[in-house]
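Trainee: Protein chains in written order, with our numbering: chain E, 1 to 568; chain Y, 1 to 465.
Hints are computed from structural coordinates only; laboratory data are not their basis. Take these hints with a grain of salt, some might be off.
Claimed, not checked - DSS-like, lysine-lysine: derived pairs with alpha carbons at most 25 Å apart:
| id | chain 1 | residue 1 | chain 2 | residue 2 |
| --- | --- | --- | --- | --- |
| 1 | Y | Lys230 | E | Lys43 |
| 2 | Y | Lys240 | E | Lys495 |
| 3 | E | Lys227 | E | Lys240 |
| 4 | E | Lys495 | E | Lys534 |
| 5 | E | Lys457 | Y | Lys340 |
| 6 | E | Lys294 | E | Lys149 |
| 7 | Y | Lys247 | E | Lys495 |
| 8 | E | Lys103 | E | Lys136 |
| 9 | E | Lys432 | Y | Lys68 |
| 10 | Y | Lys240 | E | Lys541 |
| 11 | E | Lys498 | Y | Lys306 |
| 12 | Y | Lys340 | Y | Lys306 |
| 13 | Y | Lys340 | Y | Lys68 |
| 14 | Y | Lys401 | Y | Lys367 |
| 15 | E | Lys378 | E | Lys79 |
| 16 | Y | Lys401 | E | Lys218 |
| 17 | Y | Lys306 | E | Lys218 |
Residue-level listing of the chains:
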Amino acid sequence: MKGIYSSALLLAVNLGAADLPRRNFIDEYVFSKIEKDHVPHAKLSSDAEFLRRVTLDLTGRLPEPEAVKKFLADTDPNKRDKWIDSLFPALPTMGVGRRLVEKPFLDRWAYFFSDLFRNDEQLREGTDIFSNYLYKALELNVPYDQTVKDLITATALSTWTSGPANFIARERVMDGDGYSVMNHEDTCDEMAIWTSKLFLGVNVECISCHDGRGHLEKVNLWLSQKKRADLWREAAFFGKTYVAPSYGRFPEFTVLDSEKGYDPTTKSTARMPRHQTDLTPTFLLTGEKLVPGKPERQAYADMLVASPQFARATVNLFWAQLMGRGIVEPVFGFDMARQDPAHPPPAPWTVQPSHPELLNALADDFRAHHYDFRHLLKTIVSSTTYQLATEMDAPRSAAVDEHFAAHVVRRLSAEELWDAISQATNVFDEMKSLYGPKTYKRVMQASFYHDYESKLKDMFNLLQCFGQTDREEMPSDRSSLVQSASLLNSDPVLKRIKIQKGSRLETLLNGNLSDAEIVRELFLATVSRYPTAKEESVGLKLLKGNREQGAEDLLWALINRIDFIFNT
Amino acid sequence: MNLNITRRDLLRVGAVTLSGCPLTLFPRNLKASSDEKVQPRGSADCVVFFNLVGGPSQMDTFDLKESKTTPADLDVRTAPNGVRWPYGLLPKTAGVLNDTVLVRSMAAWDTLHNFGQYYQQVGHAYSAARAAEMPSMGAIIAQEFRSRSKPADFLPTFVAMNFPTGSVNGPLIKEGSLDSDTSPLTVDTKAASSLPFLLAPGMEGRFDRRMEALESFDSMREMDRASAPKRFLEWEAFTKSAQRMMKSPEIGKVFTLDEAARERYGRTPMGDACLIARNIIQARAGTRYILINQGGWDHHAAIYGKEDIARGEDKKQRGGLYSLCAELDSAFSALVTDLKAAALLDRTFIVCTGEFGRTPGDLNDAKGRDHWPAVRSALFAGGGVKHPGRVMGATDDAAAKITRLDWGLKRPIYPEDVTATIYSVLGIDWTKKISGMPSGRDFQYVEPMSSTGFIGSTEITDLFV
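Excised from the complex, chain Y in its bound form (with noise of 0.2 Å):
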């Protein structure tokens, strides 16, 4: 009994029937239901979501507070939005901040780095009885936009990079239970080599040749598909796949990184990542959700870098914040730039927000900051957002407190909120829930209930109007 399957008639099954590994049992009747109850936004194409990996220290960036640890160099001034702002750390975002609308009274609800990330990439608490099964945000949108996929679409709907290995993090939430190819490309901008999807140049015959002789001895050819191992499927749709970016005419443009943009962006990782989403963005080639991750906020100790270097000398040998944030500084700016030169702004939602903020007042024993759950802040752009060039919120003189929320509600803003707010912009109704998986529970796309009680979580819809 042969079924005569095209390949994207596999791509289809392949996406509806797949499941996981063989070592856990994974249903196969996820069902998406909703009470369609919220108009979702529908304002962007595309997400990027800058994950600063650590928790950013908030009143020496984005929510800048003077005080008498704060160092000269900091260079504090008045930005074109109104805000004090260090230039010493952040020149070129100043030069962007008109085009963002700055958040203050965000909060967070951990203080543990691997719980506040499952935050950040999930918009959910931590739960080990379920959290082999929960998919990331990422995964969620790429399961959205299947149905939305173009035949000319060659890249990934989610796209991660540069997440910062070692386990104090905890690891890249990518689909749990959700079928395979919700999963992130994950791309690598540290490693030495060039990615995988670039055929050096003069290799497409050889390449071509090589598929061939792959192809005309594929073993699956052989096989018949309703007893082929669920594995081998999965396996040629994504070898599939794979061939099909390489082959695209686009790919290079996508991955090639040129010299001078490079330079624009910083030529760091974190530079040539952000470059790598701009390409993506530009491409429209399916991507809707792109986690950029940015590791080493977490400042315990010597937060201003290292004091024996001469001030005024490359930040990026200073340690500390300067050296991380002169990488973000050049990458984000460059993109907000290089997006809305190319009319793609408003329609790219950026989001760019650790996963907590840092203890106000005197610095540590180590001349660090620890972790601050009350206070985080975040910066919004594109997808929509209005009136850029404002602030939502206010902190006290230390950045301890919120003492203005400036969003309709009477509590700060929590990872809930920004997670149902990506999904709004991006057109999905975030009060879908999946039923049928393995634990029997629902996953709602954004649950209401938090460690606190019913808080109801929401778009943040005060960017928007």
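So here's chain E without its partners, still in its complex pose (with noise of 0.2 Å):
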């Protein structure tokens, strides 16, 4: 009997991803690898995996539990792909005042891009500069190329009032007391760094303090035949800019183009001498030299974007958001040696892309989109492929992750988890700003951290404690013992839970509403679907006592479910 059971599942395998509609070229790629791989893949999610799954994905919020059930109860064959719709604001067509609505998707991906811009406190008021400048390009739909550019090339007076001068004051290295005076040539260095890793995900770190050869064989085969040389002409389209710290206000800076050029004599502050050489600014990944005249840092955001890497990169990235693995990994830590499958690197060395017809074909339709964000991120949750369910009848093995055959799990953000145990439980703190009059009350609407962390300081430890970056790097998402006993029993978990004025518990106990109403309700608000048969009688018990205490105990229990805590 075993046999034949194990057989038959062998055939629906072999029958391949034949059950699974294909919405777009995404599928096409990912199913027919599948196929060939006879891989055992998840089914389509239900709709309250796929509803919930993709409003915290894409506005790092849970749906309301009046939109769950009306999603639920939908019978239009493409509801989904309207859903996906609603989720993305309507691009604005006159100047109108913005955050007069909430945006969620917007608060969502300005604060994404503000993690990865690392815009923190060491900017003061440009991190709000910065975060407004993020948030109005995500609204306009500006596209990415366009704000790529502006951010290379981003010149100011006052970064306390140009948004992108920010992302280059950012990464200033400064000398002697670290206050006054910028080391010009590790700034330079710093920049290329910089750009080279968000925008090509190629990370030349390695290569600032010593060649490739005898150190990164095992590494990374491209990176382990360049030089330092070659990063410092890379960082020579830096070579005019200096940022200079205005005098009298601190940390407020001036971005400007006018040094002389990348001095490979001056002393840096963390690596060894640098040794004369052709500094010709060039570009490396294509050896591409600077045209004479042009202005420096305009000629390498050109060439930076044209590069097809651009794309590529960038799809990687967003893709990696949203299916929780790259199709190359680490996102930041490109091989270009190891890219194209029709030359293959010399063995043990592997082509890097898991699948690297379908990158192509993603930086291709990003490109020929204009790069246009939004239609990157629709397009990847709009396929089967992003809405296939995380359970699988088969044991998950590693080839299950590498050929995308079923969801991975993610942990909420510190923030997304916060904004969530408010949502749920409706009770918010109402936050400041530092800079200016805006209030707010979702963590993820703050430019900063800074805006709240010694007034409410323990929620902020809360946020802390679940991998809340002070944005040298990006957020952890890793699990961990302290993390699990803040849901069970911290203060700021246990306040919100209380029925308080206001509260989503209150409301519903004062409403007229049936027990297993009440359950009900509770259970669309947290997890965004209804209560099995089994689920709904627990919650009924706990009611059935004390009616306060239980309902705030089955919230509590709501609230620490790893379907909660995590996305499926």
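Hints given; two lone chains; assemble the complex.
Mentor: So this is what it looks like as structure tokens:
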């Protein structure tokens, strides 16, 4: 019997992902590889699973109970696409005052880019200005290549009035006392490293200290053939750039192109001495040299966005955000000698992308749509690949993850989780911006945690415990013992759960609802679905004793459920 | 197919097979191996590392030098172990110096806080290519002690307290690509609210009721464990560990702070952290490495504090070294005293040091001192240390250069040597290496290579003879 069952399973697998609808080119590539390699795969996610997942992924928020009910009851075969569309805010057609209406999609991605671009307290007021700039760029759906060019070429008298100038100023390296004089060449190096990492996915930090040879043979084949001088030549595109601290106001900076060029004789603050060599600004990826007379940073920005690797690295970064794993991993660790299956690297190296044709197709599509960020996200989440369930009938091997054959769970980020707890309980703290007359209710709407770090200490500690970043690195999503203990028993969480004025519990308990209805509403508000019969009976049992306490206990248990804390 | 796994099995299985987050690749085949050429000492059950983040000024503290810039109220006198000592800064510590070995022939490799801190916590040079995967000392210790854990253990092996936030020191280094149960339990005594492990009095019954509800609709139950996402298994394991901690009758003893004791320890975040450390050691509940961090030692400016506060007034208001030393002084001396009184000092190895020293000679323009890696000092106590009350090593008149080494090798003591010593006292073979790391490079517990070539780092045997 068992034998028949397992061969039937094998047959089902061999029929391939034929039972799954192919919605776009992503599915063509992913499913054909799943079939070719005979990898077991998950089924399509349920409506509830899809709804919660895509709403969190695109907006950082839970869907509200009313929206869940409506979606689950909807019989429209296109409801998933329509829901996806609804998560993107309309493009403004007039110069309307922004943030009069909450736009969760913009909050979530402005926050992401603030994390990515290291928009932290080192910039002080600049943090707020930079955050607003990123929000606006997303609101207007500025083509991503244009935004990247703006960031790389930003020039301003003050980082406290110009958003993009903060991108440059943040990576400055200071000399001496650390406050008054810029170390020019170290700053140029950092700008080259930073832009290459973020926008090309190539991390050249290693060759800023030493040649690749003798160091990187087991780490990165392409970089093992590169030299320090190659980095300096790329850094030379920033050779005219100067980041000057403002006199009397700290930390405000002026970003200008007033320097003479990259001077290898300058003493470095942290690296081995450089040496004299040809320092014509040269784009590391292609060897293209600066055309004399063209402004350096503009030339670099143009070469960077024109490079096919720009689109590839970008689509890979956002693919990883949504799918839990890049087509190339790690996302800032591209090895340019291992990208082309037609020219594979020597053994034991393998071609780096798990799906090279898919990566190129995504990049081509991104380019063809003028680097439209929203289009990229929509293409990914509309695919069946993205919409596969996380659970599967077969053991979950490494091959399953590598083939994207089942969705990867991720823990909600610190900010997402705390905001979700606030939303589920309907208890919010009002937070005030340090820099202007802005108040807000969700930590995802802050430009940086310095707004609430000292005023809401307990909440801040909780966020830190869940991996909130100080923006030196991206946030961590590792789990820990203290995290579990905090959800079970920390003061901020227990305070949120208590019945209080305006809370969801108060509204439900005062609202003529049966116990069963209350249980259902709480499930909808937390795990975004109806309870199973078994789950409902557990909830009813809790409410049967002391109704108020029981409701609190149920909400506590829901917030500690794995499928609340994780995005499945 | 239902693998009938018990809770204990889950924790064991979880420890071996759980990998990290889905955004990076962690192999499953980490293997530790050793050539077994050394004999680890095994003289301690627990290590306490006082990490003085920022780099304390050696000439004003452990390696006192009297010069024209020394303020009069540093109150320099001769301490019981024969050294000149700043009684104006560390009076109580003077009282326990005869339980310590004061080492003055140490140096650092790096002048930047983040790299220096990396050495302090990991015993390795920072490597951009490998930083994501390399585990800290505490995580290695947690991994080594996994097989020795007892059923009664309810505390994690690695505990880290009060690491200062902000990017200049780098992050608290955790487990890298080792399993997540080697991650530190992070305790922050600066937080306003009480630690989450203590159930409020009277809450036990309600907590039980809540846990019962949570477990009874536990989504994991219905899931086949072989196909369950590893993140879920990991979270469930943590929840069970947290629950075990919270329900342990001993947990109150660890985290409840007796007011009289708090007073003795100084009633500061540092004092509270040391009091909890003492309780953790007394509880013998599985903790082997306690990293107590104190930030603020980076005195580039105003090292002697605010000059307009009248001398002799409350030191804590003075700022600079005065307030910081006051915190350390009560906490450190109270911990050593209490451990000695409880007959635990012999089996607890204490290290107290920063990531580098500070510039000798005149103060800088901001009335402070800058970084000086050539000289740093440390206090060692307990854990088999012999002839306490002595001094190892000496520096010149300005504390600029080491003039006497006193430890058998012809070079200063470096961070790797301290790491080897810590592993040794815990009975860990420090020549071990782990293969199967994601980068392909083996991770050696202590690397024999430094930026200046082969160093052959070693245990500081002279502490123990």
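Trainee: Hint by hint, note whether the structure agrees.
Mentor: Hint by hint, here is what the structure shows:
| no. | hint | verdict |
| --- | --- | --- |
| 1 | Y:Lys230 - E:Lys43 | 19 Å, holds |
| 2 | Y:Lys240 - E:Lys495 | 23 Å, holds |
| 3 | E:Lys227 - E:Lys240 | 22 Å, holds |
| 4 | E:Lys495 - E:Lys534 | 28 Å, violated |
| 5 | E:Lys457 - Y:Lys340 | 36 Å, violated |
| 6 | E:Lys294 - E:Lys149 | 15 Å, holds |
| 7 | Y:Lys247 - E:Lys495 | 21 Å, holds |
| 8 | E:Lys103 - E:Lys136 | 11 Å, holds |
| 9 | E:Lys432 - Y:Lys68 | 49 Å, violated |
| 10 | Y:Lys240 - E:Lys541 | 23 Å, holds |
| 11 | E:Lys498 - Y:Lys306 | 46 Å, violated |
| 12 | Y:Lys340 - Y:Lys306 | 36 Å, violated |
| 13 | Y:Lys340 - Y:Lys68 | 38 Å, violated |
| 14 | Y:Lys401 - Y:Lys367 | 22 Å, holds |
| 15 | E:Lys378 - E:Lys79 | 14 Å, holds |
| 16 | Y:Lys401 - E:Lys218 | 40 Å, violated |
| 17 | Y:Lys306 - E:Lys218 | 53 Å, violated |
Checked against the numbered hints above, the structure violates hints 4, 5, 9, 11, 12, 13, 16, 17; every other hint is satisfied.
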